[in-house]
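From first to last, the protein sequence lines are chains L and P.
Add 60 to the 1-based position in the first sequence for the numbering used here, that's all there is to it.
Add 92 to the 1-based position in the second sequence for the numbering used here, that's all there is to it.
Any given hint could be a false lead.
Restraint ranges, calculated between C-beta atoms of paired labels, are given here [stated by the list, open to error]: (1) L:R163 to P:T172: 31 to 37 Å; (2) P:R155 to L:N167: 40 to 46 Å; (3) L:H133 to P:F143: 23 to 29 Å; (4) P:G106 to L:H129: 43 to 49 Å; (5) P:G106 to L:H116: 42 to 48 Å; (6) L:V87 to P:M107: 24 to 30 Å.
Honestly, the hints are just simulated from the structure, not real lab data.
Where a beta carbon is used, it is the ideal one built from N, C-alpha and C, also for glycine.
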Amino acid sequence: KNEVEQSPQNLTAQEGEFITINCSYSVGISALHWLQQHPGGGIVSLFMLSSGKKKHGRLIATINIQEKHSSLHITASHPRDSAVYICAVWEGAQKLVFGQGTRLTINP
Amino acid sequence: ETGVTQTPRHLVMGMTNKKSLKCEQHLGHNAMYWYKQSAKKPLELMFVYNFKEQTENNSVPSRFSPECPNSSHLFLHLHTLQPEDSALYLCASSPQDGGVNEQFFGPGTRLTVL
Chain L
61 KNEVEQSPQN
71 LTAQEGEFIT
81 INCSYSVGIS
91 ALHWLQQHPG
101 GGIVSLFMLS
111 SGKKKHGRLI
121 ATINIQEKHS
131 SLHITASHPR
141 DSAVYICAVW
151 EGAQKLVFGQ
161 GTRLTINP
Chain P
93 ETGVTQTPRH
103 LVMGMTNKKS
113 LKCEQHLGHN
123 AMYWYKQSAK
133 KPLELMFVYN
143 FKEQTENNSV
153 PSRFSPECPN
163 SSHLFLHLHT
173 LQPEDSALYL
183 CASSPQDGGV
193 NEQFFGPGTR
203 LTVL
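Isolated chain L (complex conformation):
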């Protein structure tokens, strides 16, 4: 079992829908990182958070440290949001552990 589990593994939705991707982890962490990977392979950092909630444009990330759970939400989804979304956690501030990713496809 991975230390970082994401769900769903694959998600297909229509343009405009509200999207939620979940990340659960089993280790103590210092912070959590949401990343976006486009089909070409490059990875872009979306959020780093250790508590509460952060918002950037149509993206919102929340984390519940007690429940060891984080969610990434996308409002008013658009085909350009299609990508793989990766959750990663800092285990003890020394090691970055990655989830397997969630492949999101937004259809027009």
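Dock chain P against the given chain L, drawing on the hints supplied.
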């Protein structure tokens, strides 16, 4: 554009070839990382360099040989690879290793070993 570049973007090599992957960061960072991303698997950390010193070798086979001549450049030398080494190889950098530091990734090199 994240400030981290990788060349080549695609590489096809035979098992007897020797090739090198290059990574360069323009962010003034002191830590650089090599990751391997295989299909359907999470990113796997391979090597970490902090201030040009290797601080992590995550049980990587010796057919992968890293080199960090300065804080801005990182190489991964490849020789006698196996088909199962085919993957996306990603380079990343951060201000320094240790502690919670955001990592900035390059576009990756997609490697195919025949």
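Going through the hints against the structure:
{"no.": "1", "hint": "L:R163 to P:T172: 31 to 37 Å", "verdict": "holds, 33 Å"}
{"no.": "2", "hint": "P:R155 to L:N167: 40 to 46 Å", "verdict": "holds, 42 Å"}
{"no.": "3", "hint": "L:H133 to P:F143: 23 to 29 Å", "verdict": "violated, 38 Å"}
{"no.": "4", "hint": "P:G106 to L:H129: 43 to 49 Å", "verdict": "holds, 46 Å"}
{"no.": "5", "hint": "P:G106 to L:H116: 42 to 48 Å", "verdict": "holds, 45 Å"}
{"no.": "6", "hint": "L:V87 to P:M107: 24 to 30 Å", "verdict": "violated, 37 Å"}
The structure shown violates the earlier hints numbered 3, 6.
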